[in-house]
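> Kindly generate the complete structure, drawing on both the sequences and the hints.
Protein sequences, first through last, are from chains A and B.
All residue numbers for the first sequence refer to our numbering, where the first residue is 19 and numbers rise by one.
All residue numbers for the second sequence refer to our numbering, where the first residue is 11 and numbers rise by one.
A couple of the hints might just be wrong.
As the list claims (entries may be wrong) - Dumping the calculated DMTMM-like pairs for lysine to aspartate or glutamate here, alpha-carbon to alpha-carbon at most 20 Å:
id, chain 1, residue 1, chain 2, residue 2
1, B, K234, B, E375
2, B, K129, A, D44
3, B, K234, B, D384
4, B, K52, B, D223
5, B, K234, B, E13
6, B, K234, B, D133
7, B, K129, A, E59
8, B, K129, A, E71
9, B, K234, B, D223
Rather than coming from a laboratory, the hints here were simulated on the basis of the structure.
Note that the structure is a prediction, hence the values are computed from the model and not measured.
Below, each chain spelled out in residue letters.
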Amino acid sequence: MTAINETLAQCLISGLGVPEDTLTPDATFEDLGLDSLALLELAVIYQERTGFEPDGLTAQSTLADATTLIAGQSAAPASAPEHAS
Amino acid sequence: MNEHTAAVTGIGMVTPLGIGTRPTWQGLLSGRSAAASDPELKGLPVDFSCQVSDLDACGRLTPRLALRLDRFCQMALIAAREAVADAGLSPERWDATRVAVVIGVGTTSFERLQPEVLKLAADRVRSVSPLMIPRSIPNIAAGEIALDLGARGPALAVSTACASGASALGTALLMLRCGQCDIALAGGAESVRNRISSAGFSQLGALSTRTSDPAGASRPFDSKRDGFVLSEGAAVLVLERPAHAEARRARARALLRGYGASCDAHHPTAPPPDGRGAADAILSALHDADLSAADIGHINAHGTSTPLNDAAEAHALRTVFAEPPPVTSVKGALGHTIGAAGAIEAATTALTLQHHMIPPTANHENPDPSLELDIVAATPRPVRTRAALSNSFGFGGQNAALVLTSA
Numbered sequence: 019m020t021a022i023n024e025t026l027a028q029c030l031i032s033g034l035g036v037p038e039d040t041l042t043p044d045a046t047f048e049d050l051g052l053d054s055l056a057l058l059e060l061a062v063i064y065q066e067r068t069g070f071e072p073d074g075l076t077a078q079s080t081l082a083d084a085t086t087l088i089a090g091q092s093a094a095p096a097s098a099p100e101h102a103s
Numbered sequence: 011m012n013e014h015t016a017a018v019t020g021i022g023m024v025t026p027l028g029i030g031t032r033p034t035w036q037g038l039l040s041g042r043s044a045a046a047s048d049p050e051l052k053g054l055p056v057d058f059s060c061q062v063s064d065l066d067a068c069g070r071l072t073p074r075l076a077l078r079l080d081r082f083c084q085m086a087l088i089a090a091r092e093a094v095a096d097a098g099l100s101p102e103r104w105d106a107t108r109v110a111v112v113i114g115v116g117t118t119s120f121e122r123l124q125p126e127v128l129k130l131a132a133d134r135v136r137s138v139s140p141l142m143i144p145r146s147i148p149n150i151a152a153g154e155i156a157l158d159l160g161a162r163g164p165a166l167a168v169s170t171a172c173a174s175g176a177s178a179l180g181t182a183l184l185m186l187r188c189g190q191c192d193i194a195l196a197g198g199a200e201s202v203r204n205r206i207s208s209a210g211f212s213q214l215g216a217l218s219t220r221t222s223d224p225a226g227a228s229r230p231f232d233s234k235r236d237g238f239v240l241s242e243g244a245a246v247l248v249l250e251r252p253a254h255a256e257a258r259r260a261r262a263r264a265l266l267r268g269y270g271a272s273c274d275a276h277h278p279t280a281p282p283p284d285g286r287g288a289a290d291a292i293l294s295a296l297h298d299a300d301l302s303a304a305d306i307g308h309i310n311a312h313g314t315s316t317p318l319n320d321a322a323e324a325h326a327l328r329t330v331f332a333e334p335p336p337v338t339s340v341k342g343a344l345g346h347t348i349g350a351a352g353a354i355e356a357a358t359t360a361l362t363l364q365h366h367m368i369p370p371t372a373n374h375e376n377p378d379p380s381l382e383l384d385i386v387a388a389t390p391r392p393v394r395t396r397a398a399l400s401n402s403f404g405f406g407g408q409n410a411a412l413v414l415t416s417a
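Set out below in structure tokens:
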């Protein structure tokens, strides 16, 4: 089974107050009590810590899904910063 | 009881004297002030406040709600849950579409605004919290209460600054009378215990600057009063159409019988010295309750402890009442909870009618002879009356008066 992205786990625990012992790879964000609003907040907190903002997380994503998704996106070439033209 | 009144069947309170109606009432009877030095305000010209020190939103609510909600909303939720339990209501069983929520809030919440503004100033737009808007808008308290308890009738905020809590109760009374709902969860919530609020109210000259003696700073109607004290809190009352309360054999603590509102149309923040607008609101509330001034046996005053408010309110009371009945102000003990104040004070007035006891005005030690009022001070005073008045006045010159009677 996939391990959970460590930064993601820390964002959930210290940023959103999700209890550490509920974080399992097959738990969905919905299982953790996160709605669409909380996912927006999570993306911003993650971006604050890493400079990279994950895209496409849904309430039905499991933490394993999210870990895979983040790994794929952060490996891809970075998109142009919004203020560059 | 008739359909013109509303039965107060439940009360919930979160105040600097305690979390819950009982600790708040006991604290008020003790006559002590909750004001103290506030670490959050360190280094500011006014660095003290009245604090709800053991709110523990993570434990009382959930970690998710603690993150999502600002303190005013956390306190509103805790008070609403207590009020509903006190009324013996079960959200699983009520007709959800017939339950309204009306919560008075005086400001937009500034609690967690500063870090977000600093991100914007540093050109870090993408770091601004998406929760900043939903956690700070004034109507979110009503929305979150409705969400938490499953109330699906009308839900709204009422904002008349420091009169908001009383305006919310009055609005809820009107909604019950006109048949928009059978039950209304009505009250107020606010926290102005934050740096930008302290700075702003301080610059207006509204705050007491008694920094060497925070516990003695809020002293309503005292000759040495010099301003109000920043505070925080919430109160929610369950109001029901009398027939609805009777049908489920609910006990009423008191009845809400009259509501009057007015505007000074005089100045943005100062009352007219003769308290004309305040007197208009009181007369309107008496008329609405079908009572005369002589029927009122107690007044729970707005009594902020600012020189101007207390003088204007005293003038208004002497205009309406040939001989004003005993007056108290809970702001000596609780400071000024802004949008929550009118609701906390209406709840206190209901408890006075239920328990036949007027809590003392904390710190009222040197009566101001020019006010000519009978202020209850030092110790609680027993009272036998069936009708009492609760006053609230706000910036904008907006005034609200409520008449409550014994159940």
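> Hint by hint, note whether the structure agrees.
Hint-by-hint comparison with the structure:
A threshold of 20 Å between alpha carbons decides the hint, and for K234 (chain B) with E375 (chain B) the separation of about 9 Å falls inside it, so the pair holds. A hinted pair counts as satisfied when its Cα atoms are at most 20 Å apart, and K129 (chain B) with D44 (chain A) does not qualify at roughly 35 Å. For the hint linking K234 (chain B) to D384 (chain B), the alpha-carbon distance of about 17 Å falls within 20 Å, and the restraint holds. In summary, the hint linking K52 (chain B) to D223 (chain B) is supported, as the alpha carbons are separated by about 15 Å, within the 20 Å threshold.
Taking the CA atoms of K234 (chain B) and E13 (chain B), the gap is about 45 Å. The hint is violated against a cut of 20 Å. For a cut-off of 20 Å, the pair hint linking K234 (chain B) to D133 (chain B) is broken: about 48 Å separates their Cα positions. For the proposed pair K129 (chain B) and E59 (chain A), the alpha carbon gap of about 15 Å is at most 20 Å, so the pair holds. At most 20 Å may separate the alpha-carbon atoms for a hinted pair to count; K129 (chain B) and E71 (chain A) meet this at roughly 16 Å.
For the hint linking K234 (chain B) to D223 (chain B), the alpha-carbon distance of about 13 Å falls within 20 Å, and the restraint holds.
When each numbered hint is compared with the structure, violations occur for hints 2, 5 and 6.
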